[in-house]
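Undergrad: Note that my numbering has the first sequence beginning at 17, numbered continuously upward.
Misleading hints may appear alongside valid ones.
To be verified - Taking lysine-lysine pairs in the DSSO-like style, the calculated list, with each CA pair at most 27 Å apart, reads:
hint, residue 1, residue 2
1, Lys-413, Lys-705
2, Lys-619, Lys-527
3, Lys-147, Lys-187
4, Lys-527, Lys-274
5, Lys-576, Lys-636
6, Lys-393, Lys-351
7, Lys-629, Lys-619
8, Lys-550, Lys-576
9, Lys-588, Lys-550
10, Lys-277, Lys-288
11, Lys-61, Lys-73
12, Lys-413, Lys-677
13, Lys-187, Lys-148
14, Lys-576, Lys-596
15, Lys-351, Lys-316
16, Lys-316, Lys-277
17, Lys-288, Lys-310
18, Lys-310, Lys-351
19, Lys-148, Lys-179
20, Lys-629, Lys-705
21, Lys-677, Lys-638
22, Lys-527, Lys-550
23, Lys-636, Lys-705
24, Lys-636, Lys-619
Hints in this document: simulated from the structure, not taken from any laboratory.
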Amino acid sequence: MLPCKIRPKSMPTPKLRTGPLKYAPFLFKPNLKPSSLVDPIKLLKISAETKNLRLGKILHALLITSNQPSKNGHPVFQTNSLIYFYVKCDEISVARQLFDEMPERNVVSWTALMSGYLHNGLALEVLRLYKKMVLLDGLCPNEYVFAIVISSCSDSGRVEEGKQCHGYVLKSGLVLHQYVKNALICMYSRCSDVDGAMRVLNTVPGYDVFSYNSVINKLIELEYLREALEVLDRMMVECVVWDNVTYVAIFGLCARLKDLKLGFQVHGQMLKSDLECDVFVSSAMVDMYGKCGKILYARKVFDCLPNRNVVSWTSIMAAYLQNGYFEEALNLFPKMEIEGIMPNEYTFAVLLKSSAGLSVLGLGDLLHARAEKSGFKEHVIVGNALVIMYSKTGNIKEANKIFSDMIFRETITWNAMICGYSHHGLGKEALTVFQDMLVAGVCPNYVTFVGVLSACAHSCLVQEGFYYLNQLMEQMGIEPGLEHYTCFVGLLSRAGLLDEAENFMRSTPVKWDVIAWRTLLNACHVHRNYGIGKRIAETVLQMDPHDEGTYILISNMYAKARRWDGVVKIRKLMRERNVKKEPGVSWLEIRNITHVFVSDDNKHPESSQIYEKVGELLAKIKPLGYVPDIAAVLHDVEDEQKEDYLSYHSEKLAIAYGLMKTPTGAPIRVIKNLRMCDDCHRAVKLISKVTNRLIIVRDANRFHHFHDGSCSCADFW
DNA sequence: TTAGGGTTAG
17 MLPCKIRPKS
27 MPTPKLRTGP
37 LKYAPFLFKP
47 NLKPSSLVDP
57 IKLLKISAET
67 KNLRLGKILH
77 ALLITSNQPS
87 KNGHPVFQTN
97 SLIYFYVKCD
107 EISVARQLFD
117 EMPERNVVSW
127 TALMSGYLHN
137 GLALEVLRLY
147 KKMVLLDGLC
157 PNEYVFAIVI
167 SSCSDSGRVE
177 EGKQCHGYVL
187 KSGLVLHQYV
197 KNALICMYSR
207 CSDVDGAMRV
217 LNTVPGYDVF
227 SYNSVINKLI
237 ELEYLREALE
247 VLDRMMVECV
257 VWDNVTYVAI
267 FGLCARLKDL
277 KLGFQVHGQM
287 LKSDLECDVF
297 VSSAMVDMYG
307 KCGKILYARK
317 VFDCLPNRNV
327 VSWTSIMAAY
337 LQNGYFEEAL
347 NLFPKMEIEG
357 IMPNEYTFAV
367 LLKSSAGLSV
377 LGLGDLLHAR
387 AEKSGFKEHV
397 IVGNALVIMY
407 SKTGNIKEAN
417 KIFSDMIFRE
427 TITWNAMICG
437 YSHHGLGKEA
447 LTVFQDMLVA
457 GVCPNYVTFV
467 GVLSACAHSC
477 LVQEGFYYLN
487 QLMEQMGIEP
497 GLEHYTCFVG
507 LLSRAGLLDE
517 AENFMRSTPV
527 KWDVIAWRTL
537 LNACHVHRNY
547 GIGKRIAETV
557 LQMDPHDEGT
567 YILISNMYAK
577 ARRWDGVVKI
587 RKLMRERNVK
597 KEPGVSWLEI
607 RNITHVFVSD
617 DNKHPESSQI
627 YEKVGELLAK
637 IKPLGYVPDI
647 AAVLHDVEDE
657 QKEDYLSYHS
667 EKLAIAYGLM
677 KTPTGAPIRV
687 IKNLRMCDDC
697 HRAVKLISKV
707 TNRLIIVRDA
717 NRFHHFHDGS
727 CSCADFW
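Work the whole structure out from these sequences, hints included.
TA: Listed below in structure tokens is the structure:
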């Protein structure tokens, strides 16, 4: 009955075996008499489920040689079982050949083959087969057929055909079958038609955990978090038992909502259930605790894991990173390697961002080299992390090089480059990247416009800023938030439109935070507008009476105006309110060693040489017009002492050390915990000129690139 | 008596 040429050309020719069937003993149940042959169809099913190709082929041969129909089976059943077996063993072409040569087929023959195509990614072939089945063989599709056909519609994105199926199964009543309902929900979810999925869920009763997993995962992916919670409620009401996929999804939901209370409840429910906590669930838990700011809980879950894989390790590192514990994240890396776990692209992304957080350029370079060597550099998330790392560690040129070399870029990549340029005060470059982004057809998002508006602020582009905030964002359907409005205040401030900025803040119904008010206060300081400044200072101090930065800003503002009474008042207020004074600290990296400098501190082993170098530099820049702004320092200190106070600010010490220890022409990168003071800013500009060096200082506010006597911030920061 | 669904963590 069956032709012998079923073996396709690609398959190896089997060695010929002679004699009786050597494997016949397998076909007998040991506890039965040898004469009672086990039904080969049942054995074929077992071979299919265990993917035992060898046993199945023997059974196939047996069926051919015996040339007898199964004692209780029609020949169609035999061939259907063979098709099912070959499909399960990924021998789809053999299955197709058997199917094509069948003189007679039933619905099962078609579904067996269709499932094979569906699982091999050939969804369109399933739809072709469906048409043939109905039109040529005149067969009536059942629930099995629709489960496969609807899945094929979602796999191939054929929503219209899927909706036609939906209509048919509704009319025929087949929609009541669990598999059909789930396939429909999955189809609507995968096509991002959440309303469609919810309609199915609301019109036909009775769902299992698979349907709920499909819907919840999609809702979370599309950021419909409130709707996901509603579906979760329904799941609880219907007492559907959760599986691992559900727990992973719900921990992810808690993480996104930063809902620690719900996270605890879900964790408690999981402990009480019989669920075996696998690596997926435990990594999701580590992530949840990390995102909810509970790093110790995350660590506890991690420490208790019997088996850890690269994801578990990366999750805990990411939790440290997200909570600002950069060093802890980096320190886990060698421990992970000792356990023999190899890093992957996510691990490198987390490590690079951690080194960006610490501004350790040397370590970032090392990680860059390792990522490149291990082949992960081509991953978009590693590329993004490299752009972020280089721009945050002050090397914007290298950030741009990485960005330009990236073959595939996503919105995050573009945002990283735009925000990187903005942070460095390179507004024009940032806006050029934004234009390129639009030309490339990439959709900007909320973060993109934060970068764009801050770039406008850096370049004083008031008209463009208006256009982006009032027109383009609306056209793109992005609702402006506090960050955008704050950038806009920064833009008006930078342009010197202080009245307009204040009016804008007082008239726009936005819940302004202390950062926004400080933006305006800073502008009053730079533009020496003490009238508005005094008013804003009061507002800011009311909002946060303990922030040292605010007091320094106000004090500097009064000092610039020589309003010593104001300075004294602010200092008195600081003492009364017991505002913590943070010492000025700067650090720089030389050959992978980080050197730390504290203002007026002489603990560095080479302290006397450094102080000597500072003196030498100041002497060199005095002829160029540098006059120490003695009046800006505590006015009750003796003049001579005042100059010392200014000379030994930490950034001056760090820069002097950098000049002593690095080769001629090498750029010097310094990081400072506080804002640079006016005096240091003027001094460093001139130092960059007399030494012919590029000096990059990252202060609490932004990057300053000092070169040939000027600074990239154009004296506004 | 032969056929069908969700794949999740950083």
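Undergrad: Against the 27 Å threshold, does the CA-CA distance of Lys-527 and Lys-274 hold or violate the hint?
TA: The given pair, whose Cα atoms are some 21 Å apart, holds under the 27 Å limit.
Undergrad: So if I understand the rule, the pair passes when the alpha-carbon distance is 27 Å or less; does Lys-629 with Lys-619 pass?
TA: Answer holds: Lys-629 to Lys-619 is near 16 Å, not above 27 Å.
Undergrad: Assess, step by step, whether the Cα of Lys-61 is no farther than 27 Å from the Cα of Lys-73, and give holds or violated.
TA: holds (12 Å)
Undergrad: Verify the proposed pairing of Lys-576 with Lys-636, using a straight-line Cα cut of 27 Å.
TA: holds (25 Å)
Undergrad: Please verify whether Lys-413 and Lys-705 have alpha carbons no more than 27 Å apart.
TA: Holds - the C-alpha atoms of Lys-705 and Lys-413 are around 21 Å apart, at most 27 Å.
Undergrad: When you check the alpha-carbon spacing of Lys-288 and Lys-310, does it fall within 27 Å?
TA: Answer holds: Lys-288 to Lys-310 is near 22 Å, not above 27 Å.
Undergrad: Hint check: Lys-310 vs Lys-351, CA-CA at most 27 Å. Holds or violated?
TA: It holds: about 22 Å lies between the C-alpha atoms, which stays within 27 Å.
Undergrad: Does Lys-527 sit within 27 Å of Lys-619, going by the straight-line distance between their CA atoms?
TA: violated (46 Å)
Undergrad: For a C-alpha distance cap of 27 Å, please report whether Lys-413 and Lys-677 respect it.
TA: The hint holds at about 23 Å.
Undergrad: So if I understand the rule, the pair passes when the alpha-carbon distance is 27 Å or less; does Lys-677 with Lys-638 pass?
TA: holds (23 Å)
Undergrad: Can you confirm whether the C-alpha distance between Lys-576 and Lys-596 stays at or below 27 Å?
TA: holds (23 Å)
Undergrad: For the pair supplied as a hint, Lys-636 and Lys-619, is the alpha-carbon distance within the 27 Å limit?
TA: holds (26 Å)
Consistency note: the structure conflicts with earlier hint 2 alone.
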